[in-house]
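Undergrad: One-letter residues, chain by chain:
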Amino acid sequence: QKEVEQNSGPLSVPEGAIASLNCTYSDRVSQSFFWYRQYSGKSPELIMSIYSNGDKEDGRFTAQLNKASQYVSLLIRDSQPSDSATYLCAVARYGQNFVFGPGTRLSVLP
Amino acid sequence: DTAVSQTPKYLVTQMGNDKSIKCEQNLGHDTMYWYKQDSKKFLKIMFSYNNKELIINETVPNRFSPKSPDKAHLNLHINSLELGDSAVYFCASSPSGGLNEQYFGPGTRLTVT
Chain A
1 QKEVEQNSGP
11 LSVPEGAIAS
21 LNCTYSDRVS
31 QSFFWYRQYS
41 GKSPELIMSI
51 YSNGDKEDGR
61 FTAQLNKASQ
71 YVSLLIRDSQ
81 PSDSATYLCA
91 VARYGQNFVF
101 GPGTRLSVLP
Chain B
1 DTAVSQTPKY
11 LVTQMGNDKS
21 IKCEQNLGHD
31 TMYWYKQDSK
41 KFLKIMFSYN
51 NKELIINETV
61 PNRFSPKSPD
71 KAHLNLHINS
81 LELGDSAVYF
91 CASSPSGGLN
101 EQYFGPGTRL
111 TVT
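Chains A and B are the protein sequences, given in the same order.
Per this note's numbering: the first sequence = residues 1 to 110.
Per this note's numbering: the second sequence = residues 1 to 113.
Treat the hints with care, as some may be off.
[What the hints assert, rightly or not] EDC-like, lysine to aspartate or glutamate: derived pairs with alpha carbons at most 16 Å apart: (1) B:Lys41 with A:Glu45; (2) B:Lys40 with A:Asp83; (3) A:Lys42 with B:Glu53; (4) B:Lys44 with A:Glu3.
For the record, the hints were derived by calculation from the structure and aren't laboratory data.
Note that the structure is a prediction, hence the values are computed from the model and not measured.
One chain only, chain B, in its complex shape:
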């Protein structure tokens, strides 16, 4: 029943490690996103994919690499994790077009020690 799901919910890892977060949506939406919400709760777009193609890549370190195997899935791989990467990462999806409402997944809390 879950519309947008993410795994894992919590991720604790050490600096320098590589980790991935997975996202799946069953809403039939064409566009998926990754957001980062930092400790001050500010929600900032990282990536946007439309039908498996990257359409927005905000200023994000290239240690972050999104991968979309199909339009229902958008994964986020992070290399060489740093302390500053600690945050909550949300996946979201929307019908095609940037003007439509977005629906968020439950989030992945990443803690880098």
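Bound-form chain A, shown alone:
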């Protein structure tokens, strides 16, 4: 079983819709969870971090964490064409480094 899994996509949503990106992880003692956005040819850019169960909102972005289900998601409200990118989920636990998922490619259609 891969440590961090994401649907590779592409996930296509119309402009203005909610994009829902999902990530599951295998290590039950994982403690920190991150979402990064990577445009083609660019470096990963941190969008959100979440450390405890529940929702965390920042502008149009909401991260959701459910440690019991080993699941973290990212919702993007009012999706814009500029949100089209690959979204990487990263998971960390104390004493070990980040493990990145393979990324989900999001395409927001005008």
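Go by the hints and put chain B onto chain A.
TA: Below, chain B alone, put in the same frame as chain A:
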């Protein structure tokens, strides 16, 4: 103003050559990393340094050698380059501790011919 910078941005070289990539961060972070992103876009940790000391060395050929002259700099030297080394290499930094968010440099695209 750049938080994490890398040089060069592009590197084209022939098999068997030795090359270096430099990284600098001005965020005051204690921990720096090297990642490799291959053609399938999978991002994998190579090395992690905390206050100039190596703390993680994933399974990486010993042709790759990181050097940290101070906690703001982490360089990557690659000996005897192979075709399979072609990838984008990212430097990143974070406040001390593996649980903190990491900030990435712009990347160095290495092409070995």
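Undergrad: List, from low to high, the hint numbers that the structure doesn't satisfy.
TA: 2 and 3
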